[in-house]
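Novice: For reference, the chains in residue letters:
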Amino acid sequence: MRPFLALLMLLILISGSGFAADQEQEKTSDAFSYTVNTLVFGSVIDPAHSTQNPNNAFLDIYRYSTDLQVRPDVFLEQQYLSAVFKPRFTAFYRWWEDGVTKGRTDSADRAFVNEWRAQVKPHPSLFLSFGKEKLLWGPSFLSSPSNILFKDFEKVNPKSEVEGRYLAKMIYMPDNKVTFNLIRSTQKEENEQQNAIKPINVLKTDILGSNFQVSAIGYFRQEDRFRLGSYGQWTATDALVLYYDGIITKGTDALYPVHDETKPLGGTFDKRYDESGRLFTTVTAGGSYTFLSGSTFSMEFLYNEQGYGNADAREYYRLRQNASDHVFDTGLLSGLSQKTLGETYATGLPFLRRYYLMGQYQVREIKNVLDLIVRYTHGIEEGAGQVSTIAEWRVSDRVQFFNVNSLAVAERRKSEFNAIVSKSFIAGIEMHF
Amino acid sequence: MKRLAYLAALVIVLLYCITELVYGADLAVKELLRASDRARGNLSGIVWHIRISTNEDGAKESRGMLVKVKGNNTLARFTSPANMNDRMVLMVDRNMWFIRSGLKKPVSLSPRQKLLGDAANGDIASTNYVEDYDGALINEEAVRGELCYVLDLKAANKNVTYDRIKYWVSKERLVGVKAEFYTISGKLFKTAEFKYDNRVKDGDREAFPFVSELIIRDAIQKDRITTMTYSNIQVETIPDSTFNLNVLVR
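For the record, the sequence lines run as chains S and R.
For the record, in the first sequence the residue sitting at position 139 is 147 according to our numbering, with numbers rising by one throughout.
For the record, in the second sequence the residue sitting at position 190 is 304 according to our numbering, with numbers rising by one throughout.
For the record, the hints were derived by calculation from the structure and aren't laboratory data.
Fair warning: there could be bad hints in the mix.
[To be verified] In the EDC-like style, the derived pairs of lysine to aspartate or glutamate whose C-alpha atoms are separated by at most 20 Å in a straight line are:
1) S:K431 <-> S:E419
2) S:K258 <-> S:E313
3) R:K292 <-> R:D354
4) R:K174 <-> S:E390
5) R:K174 <-> S:E419
6) S:K375 <-> R:D316
7) S:K375 <-> R:D171
8) S:K375 <-> R:D354
9) S:K185 <-> R:E170
10) S:K422 <-> S:E400
11) S:K167 <-> R:D200
12) S:K279 <-> S:D379
13) S:K375 <-> R:E145
14) S:K129 <-> R:E170
15) S:K347 <-> S:E198
16) S:K375 <-> R:E175
17) R:K174 <-> S:D379
Just so we're clear, the structure is a prediction, and the values are computed from it rather than from any experiment.
Throw the hints in and build the complete structure from the sequences for me.
Specialist: In structure tokens form, the structure reads like this:
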């Protein structure tokens with residue numbers, strides 16, 4: 009707890025100077041700047057009663073949590089050099105109320121650097137950087153298939169933060185219309201056999217027109233499959249923005265169920281298309297329309313070619329049911345069931361099935377203080393979905409309340425939307441210094 | 115035959131005169147718009163502060179922004195209130211993104227999306243009416259005692275924030291002093307008044323008046339007023355990378 013106390017002391021000092029510096033906020037340029045956000049929030053999670061998490065024994069989901077997160081962002085901006093430093097200090101207290109872990113409590117605190125980056129500008133059109141950073145792109149709200157470096161992209165819960173990964177980058181802008189990004193992920197990664205895998209290299213090319221942007225992303229790694237991503241947007245009118253985000257891969261790492269009655273659980277999972285030359289496409293396409301009132305409606309369609317068809321889905325749920333039935337047995341069958349539940353939990357698919365729709369309604373600046381987002385994601389094949397709401401209410405210049413909720417809308421138990429959490433509620437205060 | 119030749123010559127002269135009148139008027143309108151655009155930020159590199167204030171149902175709200183403009187590109191960085199100073203709006207031509215330091219993925223915006231009160235994102239950009247609108251001189255009228263040309267501006271493409279604008283340009287100062295903004299159905303939805311108490315010097319040229327205040331009134335809720343105040347205006351060289359999303363997200 010000691011680093012946390014030290015941090016709180018530091019925070020008090022910084023916040024004091026922050027208030028004093030408030031009047032100076034509108035300086036034209038500052039080489040050094042910072043922001044400090046402090047979040048205090050509570051969460052209530054209702055774990056789904058599903059075969060994925062029988063009696064909450066597999067995923068061990070807590071019911072209640074209180075969290076404190078301090079997020080200072082420090083920036084240095086000079087003509088030839090810039091730097092970003094984002095340490096994070098988090099603490100939580102959690103209670104378990106469901107399944108085998110009912111009655112358990114836990115608390116922890118952690119201090120870590122979520123992101124840092126040093127960047128030099130040897131030429132006005134050339135930027136070289138190294139650090140631990142997030143690199144998120146694409147206009148979609150539902151998913152960002154073209155980005156395989158970061159699967160989570162912070163739009164489901166904008167208050168959660170993705171941890172950065174080590175990246176070396178070169179950005180070259182030959183002119184106003186074209187930008188080349190050469191990215192090398194130097195993050196140490198291991199495959200399923202715990203062997204170190206080669207770093208991935210990415211070439212991202214952005215082309216900008218007067219009312220459109222298109223990006224192509226090529227991924228290169230030794231002994232790895234072909235992957236080509238792309239995203240783009242078109243400002244069709246002053247009120248309408250159309251966009252897409254997708255990727256084509258040769259084969260896929262995803263796991264597919266295999267029916268085999270000779271196996272104890274009646275089947276296994278297998279990388280069916282690991283060595284395949286088949287090309288798979290995952291793409292989301294949609295648009296946002298802004299009404300004269302200022303509210304915006306967005307709609308997206310997602311096609312996930314590598315997702316399960318009906319036969320694979322039936323086999324998947326059958327295997328999951330069998331694993332769930334035997335996870336509390338003793339001996340090898342329990343171990344095999346746990347392994348199978350691990351595979352059903354992490355299939356390697358961005359979405360379990362093939363066709364999805366998303367609708368989102370966003371109203372900003374209600375009475376100039378309230379932002380509201382209501383989103384519904386619908387899995388067409390399962391006829392199930394999830395509603396989520398995000399609200400931010402600025403109560404003063406430094407303090408705002410926030411609320412993030414989600415609710416699975418699935419009549420059938422066999423749905424990916426009620427496999428893990430059936431509903432969740434997060435509410436808290438965000439303070440800015 | 116001679117009569118026919120006279121007639122043909124007369125027609126040619128008449129056509130020439132009409133073309134000159136129309137083209138000349140068009141050219142004059144273009145020059146008016148070019149001059150008035152310059153006083154509203156359409157320069158090769160300029161930095162200013164905007165304070166947007168609104169008064170809605172008695173509740174006052176304001177935002178401070180540091181705005182960098184180069185031609186059709188604009189970067190607006192929120193400076194106040196404190197809970198917004200990690201936010202930016204980037205406009206590159208008609209492409210627009212909302213960027214938040216804590217939320218690394220930029221969000222695509224449309225120019226119409228609301229900024230505060232009746233101000234849309236497109237309102238913080240410099241105006242480029244000379245290219246975005248086809249204009250016609252329709253009248254002359256006095257606004258606050260100042261004689262003005264009245265221009266009818268119709269969107270030259272679908273990507274502009276307003277479909278039609280009635281624009282009053284001062285005859286003496288060549289700056290826009292009043293505007294009415296209409297929807298595509300021809301309905302008035304907001305009006306604006308401009309003040310030019312700032313002066314800007316661009317290179318060796320003589321200092322010229324520059325916008326200092328823009329007051330937007332809602333056409334239906336007439337007491338709903340949004341004021342944009344411009345200050346600390348500096349003409350400076352801004353590198354192109356300032357408007358590049360890849361280096362901006364931090």
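Novice: To test your reading of the hints: which numbers does this structure violate?
Specialist: Result: hints 3, 4, 5, 6, 8, 9, 10, 12, 13 and 14 break, sorted rising.
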